[in-house]
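Student: The primary structure of each chain is shown beneath.
2 protein chains.
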Amino acid sequence: MSQSVIRMTYRIETSGDVAALATKIASDQSTGTFVPTPGETPELKARVGARVVEVRKLESVPTPSFPETNPSRGGPYWRGEADIEFPLEAVGTDLAALMTIAISGVFSIKGLSGIRIVDMKLPPEYAQAHPGPQFGIAGSRALTGVKERPIIGTIVKPSLGLRPHETAEMVRDLAAADVDFIKDDEKLMSPAYSSLADRVKAIMPILLDREQKTGKKVMYAFGISHADPEVMQRNHDIVADAGGNAAVVNINSIGFGGFSFLRKRSRLVLHAHRNGWDILTRHPGLGLDFRVYQQFWRLLGVDQFQINGIGAKYWEPDDSFVRSFHALQAPLFSPSDRPLPVSGSGQWGGQAPETYAQTGRTQDLLYLCGGGVVSHPGGPASGVRAVRQAWEAAVAGIPLEIYARDHHELAQSIAKFGKVKKNA
Amino acid sequence: MSQSVIRMTYRIETSGDVAALATKIASDQSTGTFVPTPGETPELKARVGARVVEVRKLESVPTPSFPETNPSRGGPYWRGEADIEFPLEAVGTDLAALMTIAISGVFSIKGLSGIRIVDMKLPPEYAQAHPGPQFGIAGSRALTGVKERPIIGTIVKPSLGLRPHETAEMVRDLAAADVDFIKDDEKLMSPAYSSLADRVKAIMPILLDREQKTGKKVMYAFGISHADPEVMQRNHDIVADAGGNAAVVNINSIGFGGFSFLRKRSRLVLHAHRNGWDILTRHPGLGLDFRVYQQFWRLLGVDQFQINGIGAKYWEPDDSFVRSFHALQAPLFSPSDRPLPVSGSGQWGGQAPETYAQTGRTQDLLYLCGGGVVSHPGGPASGVRAVRQAWEAAVAGIPLEIYARDHHELAQSIAKFGKVKKNA
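So the sequence lines, in the order shown, correspond to chains A and B. First residue of the first sequence: 1, per our numbering; consecutive thereafter. First residue of the second sequence: 1001, per our numbering; consecutive thereafter.
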């Protein structure tokens, strides 16, 4: 029986020799160091050493991704993609070990003018070792009661500064507008002016009261993140004990440790905000692709994953968002390990047709609008209606301007927010 | 009384207007979004809004740090440093909130061709809210018994692949050589062929036995990292219960949550390996400076902090290492919040004179040599002696080649490892 392996793909850029650097990565990240050491025997290397499987040449570039410390060398900068296999024996299934050995270490290697990790294929042992999403797509639909359309969500704005009773007033309006999902802005956790406990106390009765009257429970994701996992867990319990069913978690700010601790005890849908991710991916020659990064967080158990959207207010090009969406749609090991993709950032409904077209005409997503709902000229309730109308039009294949002729709220949105500008 | 503030300094790069982007950062990272929202009142902004205090112009650059998505715009790329103040009221003292609001979010902002966070000044409320180092410099000295010289350490090599009894054999040699500190390579945690429990069982009796005979206890830092804080805590307990006194923690792979959980219960000196840090700092126009990053981990309680060294095997320029060293030497709020700086990576003693000269002639450091000790022609024991000799020479102001005339092991090291090449 062949041994299980972890296969990584690195896009290497250098003024030197790409294949030599691939070999160096395999050595440095397993058994080697800057000089040969007596114990690095052929037996040991065969057992735990990483191995370059293939190097594919790519076009060179004239400018280095990391500016050269020695510019006299100059370009061109050769590029290639190297597949490197790590024996599972050397790494194990712990995600901190995987991150340390196969990813983090490579960014320190001398002689690279750029390196980006573009793929990772994990063996099935990882499926058994990790919980994956507790709710995911099916759970998010069951809890919101939304069946054959996207779940429509909004974000309380302004992001910071509202006191709990002010947030509650806005939530009352939004719930009355029949929105499916509401969340705290990722920047709102538990500041003194709006402690999580006070916010939960102000908001949950409104949602529970409405549920009693209408049978529909709005999913509210409270910002529970905290650097201390036990404080975060207490925050989680405050929400769950008050009848809440979701939480916003700033995954990069709490790290694997914080998320892992929370997931084991979680009764809530965990809505991941990847704030900070951009520094790991924005430069195309450096960092890592979302298809690599998302695997860690899915294994750890993210239920809903924010990934920007078409024409986002942020830097991210539309095609990058679309690739991220498809990465989330593909099972890692089984369909149940798929979190619900969350399309947000500068969304107001205008992006619905393009989003629908580009994501394989799926309605399995949470479509999230902050300012696009809250700043609607007719108020948040009209904002929610406009977004629903935009999605109805998109799914029916009717251009928004046509559909807007007898859908007033959508017409108002179009007038206010204008044409969608694509992010190239 | 004036309100407490957090002051951040951002180095902004853009083909647009630096001051306008500073204003956008202050808005986006506090109360604003892509459109004005009804609740963003002057009262609310005064209370929790971030504020641009000063923008200082810097020289422009011809090449964008983030390659332009729209290259037709072209350069030059204007640069400036913006000081922005966040009211403590808006953020609080939680480090996940601080990271989310003041740091992570800015990397997503459109219109920037580069952004690097170069300084952070926290108000004294942070000192009270966080534990800081439990052992730090004084504790590391007390536990190793090393007084008026650098603590000399080594790393078991090869990094991966040795079975516990093989590691133990090497540790026996190193301890006999009177080394002060030994550590697992950061890539070694608890793989099947060398589980932490088995490694501790094989190594600790050797160190305890030697302590009984000589009175000197070698500090051994075991790799205890794990994505699950409770597994990591069990690893910690295995080490502590067996009489160990230190652990290697891969801080970026476990995150704030993992470290925070561990620190509360720790009985061990926590030796931080910042594997992965390079992707956050290697591009000089992007990411963050170590002086910002290290503040988080010092507040969380790192006792010993690895920061490369002069002529490191990695990419880092010497002056960057020196700045990092000085950052660790400066108290945040009190002298006891200073961890022990750890100089490592490609070290073998040859770098001692330059290290001593550049770090303010301090001997408060752990000087760490892996291959530089293990691959010494006379074996590890000779390697340790060579490193000690190099430091004696450095402190006495005697050139190494002169000192090597009657210090055989140092002469062997010089012959094997050659001249130190500075990293420019």
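Worth flagging that the hints you see were computed from the coordinates, not collected in a lab. It should be emphasised that the depicted structure is a prediction, and the values quoted were computed from it without experimental measurement. Keep in mind that the hints are not guaranteed to be accurate.
[To be verified] Computed list of chain A residues with no C-beta within reach of chain B, every gap over 10 Å:
{"hint": "1", "residue": "K57"}
{"hint": "2", "residue": "S60"}
{"hint": "3", "residue": "T63"}
{"hint": "4", "residue": "L112"}
{"hint": "5", "residue": "G145"}
{"hint": "6", "residue": "G397"}
[Said to hold, decoys possible] Straight-line alpha carbon distances no greater than 30 Å define the calculated DSS-like cross-link-like pairs of lysine-lysine that follow:
{"hint": "7", "chain 1": "B", "residue 1": "K1416", "chain 2": "A", "residue 2": "K110"}
{"hint": "8", "chain 1": "A", "residue 1": "K422", "chain 2": "B", "residue 2": "K1419"}
{"hint": "9", "chain 1": "B", "residue 1": "K1421", "chain 2": "A", "residue 2": "K419"}
{"hint": "10", "chain 1": "B", "residue 1": "K1045", "chain 2": "B", "residue 2": "K1024"}
{"hint": "11", "chain 1": "A", "residue 1": "K147", "chain 2": "A", "residue 2": "K24"}
{"hint": "12", "chain 1": "B", "residue 1": "K1045", "chain 2": "B", "residue 2": "K1057"}
{"hint": "13", "chain 1": "B", "residue 1": "K1421", "chain 2": "A", "residue 2": "K110"}
{"hint": "14", "chain 1": "B", "residue 1": "K1419", "chain 2": "A", "residue 2": "K24"}
{"hint": "15", "chain 1": "A", "residue 1": "K264", "chain 2": "B", "residue 2": "K1264"}
{"hint": "16", "chain 1": "A", "residue 1": "K213", "chain 2": "A", "residue 2": "K201"}
{"hint": "17", "chain 1": "A", "residue 1": "K110", "chain 2": "A", "residue 2": "K147"}
{"hint": "18", "chain 1": "B", "residue 1": "K1419", "chain 2": "A", "residue 2": "K110"}
All C-beta atoms in this analysis are idealised placements derived from N, C-alpha and C, irrespective of residue type, glycine included.
Student: Run every hint past the structure and note whether it holds.
Tutor: Against the structure, the hints come out as follows:
1. K57: Holds, since 21 Å exceeds 10 Å.
2. S60: 15 Å, holds
3. T63: 6 Å, violated
4. L112: Contrary to the label, A/L112 does not stay out of reach of chain B, its closest Cβ about 7 Å off (not over 10 Å).
5. G145: Non-interface label stands for A/G145: nearest chain B Cβ at 28 Å, farther than 10 Å.
6. G397: Correct as stated: the minimum Cβ-Cβ distance to chain B is 28 Å, above 10 Å.
7. B/K1416 x A/K110: The hint holds at about 21 Å.
8. A/K422 x B/K1419: 55 Å, violated
9. B/K1421 x A/K419: 57 Å, violated
10. B/K1045 x B/K1024: Holds, at about 14 Å.
11. A/K147 x A/K24: 51 Å, violated
12. B/K1045 x B/K1057: Holds, at roughly 26 Å.
13. B/K1421 x A/K110: 13 Å, holds
14. B/K1419 x A/K24: Distance of about 22 Å is within 30 Å: holds.
15. A/K264 x B/K1264: Given that 30 Å is the threshold and the Cα spacing comes to 20 Å, the pair holds.
16. A/K213 x A/K201: 19 Å, holds
17. A/K110 x A/K147: With a Cα-Cα distance of about 52 Å, the restraint between A/K110 and A/K147 is violated, given a limit of 30 Å.
18. B/K1419 x A/K110: 18 Å, holds
When the structure is compared with the earlier hints, violations turn up for hints 3, 4, 8, 9, 11 and 17 and for no others.
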